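Chemist: Be aware that the sequence shown starts at 36, since it is given in our numbering, and climbs by one per residue.
Derived by calculation from the structure, the hints in this document are not laboratory data. It should be emphasised that the depicted structure is a prediction, and the values quoted were computed from it without experimental measurement. Beta carbons: idealized from backbone N, C-alpha and C, even for Gly. Among the clues, some could well be false.
[As the list claims (entries may be wrong)] When the alpha-carbon atoms are kept at most 20 Å apart in a straight line, the in silico EDC-like pairs for lysine to aspartate or glutamate are as follows:
hint: 1; residue 1: Lys50; residue 2: Glu107
hint: 2; residue 1: Lys73; residue 2: Asp60
hint: 3; residue 1: Lys73; residue 2: Asp120
hint: 4; residue 1: Lys71; residue 2: Asp60
hint: 5; residue 1: Lys50; residue 2: Asp102
hint: 6; residue 1: Lys50; residue 2: Asp60
hint: 7; residue 1: Lys109; residue 2: Glu49
hint: 8; residue 1: Lys111; residue 2: Glu48
hint: 9; residue 1: Lys111; residue 2: Glu121
hint: 10; residue 1: Lys62; residue 2: Glu89
hint: 11; residue 1: Lys45; residue 2: Glu107
hint: 12; residue 1: Lys111; residue 2: Glu89
hint: 13; residue 1: Lys109; residue 2: Glu121
hint: 14; residue 1: Lys109; residue 2: Glu46
hint: 15; residue 1: Lys109; residue 2: Asp68
hint: 16; residue 1: Lys109; residue 2: Asp120
hint: 17; residue 1: Lys62; residue 2: Asp76
hint: 18; residue 1: Lys111; residue 2: Glu54
hint: 19; residue 1: Lys73; residue 2: Asp102
[What the hints assert, rightly or not] Pair ranges (Cβ atoms, derived):
hint: 20; residue 1: Asp76; residue 2: Glu46; range: 21 to 27 Å
hint: 21; residue 1: Asn57; residue 2: Glu107; range: 20 to 26 Å
hint: 22; residue 1: Leu112; residue 2: Ala88; range: 16 to 22 Å
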Amino acid sequence: MGQAYRLACKEGEEKTLQEAVNYLDGKMCALRDSGKVKGNDRIAVMAALGVAAEFLSVKSPQGPLSDMSILEVKHKLGAMHSVLDEALTPQENLF
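Whenever a hint applies, use it, and build me the whole structure from the sequences.
Modeler: Structure, rendered in structure tokens:
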């Protein structure tokens with residue numbers, strides 16, 4: 036929401052951190068723009084609660100990823116991206 040913060044992360048995790056920043060910023064801006072929540076602190080808390088609820092619903096015992104760790108989910112997503120990239124690369128050459 037227009038605020039700059041200096042953050043630290045492990046080497047190689049910059050992209051993941053930036054994606055998290057962008058995701059949370061989007062949630063916070065949507066709350067601010069809805070006009071239902073006032074004050075940056077309240078917006079931040081409500082956005083964090085929303086993200087936590089999303090995470091917990093995916094990790095619930097009935098959720099689609101219940102038997103996987105976050106690291107396993109991350110690896111699975113990476114593998115899916117690779118498959119998609121391989122499938123889409125030849126299509127780019129057609130245009």
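Chemist: Among the hints numbered above, which are violated by the structure, and what are their numbers in rising order?
Modeler: Result: hints 3, 5, 15, 19 and 20 break, sorted rising.
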